[in-house]
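Q: Chains A and B, in that order, give the protein sequences.
Under numbering that gives the first Met the number 0, the very last position in the first sequence is 411; numbers go up by exactly one each time.
Under numbering that gives the first Met the number 0, the very last position in the second sequence is 205; numbers go up by exactly one each time.
Calculated directly from the structure, the hints in this document are not laboratory data.
Where is the CB? At the ideal position from N, CA and C, for every residue including glycine.
One thing to keep in mind: the hints can contain errors.
Covered by chain B, according to a simulated footprint, are these stretches of chain A (three or more residues, beta-carbon under 8 Å) [as the list claims (entries may be wrong)]:
(1) 107-113
(2) 128-134
(3) 201-213
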Amino acid sequence: MTRKTKLGGEDLRWSEIVFVITSLVLVLVGALGIFQIHTKPIMPIQPFEVALGMPWRLLVALYVFFVVNGFCVIVSLGEIFGVSRLEPIIKDLLLMAIITILIGLTTIGLEIEQTQRAVYALIGHVNPHSVMFWMIMFYVLELIFLVVETWLYLYDDLIEQRESDSVAKRLVAIILTIPKIENSKEFAKAIGFIAVVTSIIAISNLGALFSVNYLPFWHGPFLPIYFVLSAMISGTALAIIGVVVADYARGNKRYEAVQTLRVVLGASLSVALIFTAWNYIIKAYPTSTLLSREATEVFVFGSYAFNFWFFEATIGLIIPITLLAVPRFGRDIRCVFVASILTVVGVFFFRFDLVTGGQVLKTISGLRVPAFEAHPFEIMATIGFLSLAVFLYYICYKLLPMEVEVSREESS
Amino acid sequence: MVIDVNKCIGCGNCVIACKIENDIPLEIPLSRTWVEGYSVEETVPKAKVQKVVMNTDKNPFLDVEWKYSKVFFVPRLCNHCANAPCVNVCPVYARFYTKEGIVLVDKNTCIGCKYCIVACPYGATFLHPEQGVTDKCTFCYHRIKNGLEPACVLACPTHARIFGDVNDENSEVYKILKEKKVTVLKPEEGTFPRVFYIGLDSRFVE
Chain A
0 MTRKTKLGGE DLRWSEIVFV ITSLVLVLVG ALGIFQIHTK PIMPIQPFEV
50 ALGMPWRLLV ALYVFFVVNG FCVIVSLGEI FGVSRLEPII KDLLLMAIIT
100 ILIGLTTIGL EIEQTQRAVY ALIGHVNPHS VMFWMIMFYV LELIFLVVET
150 WLYLYDDLIE QRESDSVAKR LVAIILTIPK IENSKEFAKA IGFIAVVTSI
200 IAISNLGALF SVNYLPFWHG PFLPIYFVLS AMISGTALAI IGVVVADYAR
250 GNKRYEAVQT LRVVLGASLS VALIFTAWNY IIKAYPTSTL LSREATEVFV
300 FGSYAFNFWF FEATIGLIIP ITLLAVPRFG RDIRCVFVAS ILTVVGVFFF
350 RFDLVTGGQV LKTISGLRVP AFEAHPFEIM ATIGFLSLAV FLYYICYKLL
400 PMEVEVSREE SS
Chain B
0 MVIDVNKCIG CGNCVIACKI ENDIPLEIPL SRTWVEGYSV EETVPKAKVQ
50 KVVMNTDKNP FLDVEWKYSK VFFVPRLCNH CANAPCVNVC PVYARFYTKE
100 GIVLVDKNTC IGCKYCIVAC PYGATFLHPE QGVTDKCTFC YHRIKNGLEP
150 ACVLACPTHA RIFGDVNDEN SEVYKILKEK KVTVLKPEEG TFPRVFYIGL
200 DSRFVE
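Here chain A stands alone, though its shape is the one from the complex (with noise of 0.2 Å):
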């Protein structure tokens, strides 16, 4: 039996609260964690003690996750370069886009240890040398660029919404649309194009970000180019997972648009596999250098082989390239929906396989890190931002315009 609420005009079922409340109690537990580790009052493990381990660590790699994916790529096709076929699902994405840097952001901002001096970093204090200073400005100017497109893009339907039954939709709908402004949808499409640009940049510069170290794992001028061929993976894979979950809740479908994507999500990763497997090829060549081959032989036989042939190559490429390829499959959106979790599930151990196992040969001190291992307090905080990220999202999505017109009974 599913009993239905009043909510601001909106139905609630309890499903949905259900919902609510557990995400946020998972949010208070990120929390708990994140103010466990900037205090550490309690018991400084000792693994956790920084130095003495991984200076980047499970929350470095969660950044990763969630700054490094493809949405404005993605967006563009389907506004830019008129693919058709992509536009019911413009909306999801940008707000995709808008939440995973949000969070990342924040992940980031909360993971270095003077937060609070970051602010005096934004407003002039900074190295115009240090990749990281841009990446961080790449991502903050891609960040404003997606909510002023968004917005845009949301313009004419915020319009409608001020009609609405419930009184928070109407709220948000009137509050956006104090500024009056004509043809949003064409301004929406150039800061788009700027949106993109600055995205690619922003990724690629995060690549640069770890290639420009002296660890034999990440240094590399081909890291860059990894990274944007991963973060349209993962950014593919989301917005299927994002795309079907809204749908099922909805009762939509939007079937011709999930196949686009499954056809981005195949072709991309089958272009990963090549690529990863030409990188450890040659990273562990012979001639390459003995430390090259040892940081190889890390992930091939050492301490991340398993994470490595299981989580990356199992879960995160073979199996959904199998699943997306195979026609039979394919054309199923659950097949699809199946192969993009598995790949997402691969991408995040793909990160943190390269964030902490690219430093295990790393000396700190002079002491070689074996493995990596999690603290409780970390893993804490990373469930509290992926709660964040989705509790967000959901309520995001509550609010704003939402609503495509995609026959119900669209299929295949």
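Since the structure of chain A is provided, determine the placement of chain B on it from the hints.
A: Chain B alone, transformed into the frame defined by chain A:
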């Protein structure tokens, strides 16, 4: 700074003196300077190496059973590179060169992003467990500005560490660099370290 590996006996006085002078907790295995003890047996193609690190007030060299007969100690610290990766990567200019060429940390500016820890090829930077900012050797800048020697140099009983101005023709460091064969750690990284070693077999030192 010049370090004569042949003279280092692994007593660890330098580590303890540095920790006390610069307020680094004695018991935590983080230090601005540390001593690596190596025991090596030359085999083909790769030598067998045993490595032990001293970076607290406990000296592990007193208890360790060395596996191989060739034993030597390598004191380590920030190399104060002329092309320092930590200075290049710091997003907020918390790392800088003094006019003497020493690399320092501005602890009031450091945001604790830890990029310098990741970028340093020598593992010479760490996060101060109490201050929440990165920390590293300053050549005891507060001492040398007042005409004193760095604490580690002063504490070394065998005069294995020699500190001075490379450009001063009257300094001991100048004379050593002019007359003796010295080497630096990881010259291939292009960081141009300013800590020079005499008698170092750099094959074994990471």
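Q: Quick one: which hint numbers does this structure break? Sort them smallest to largest.
A: none
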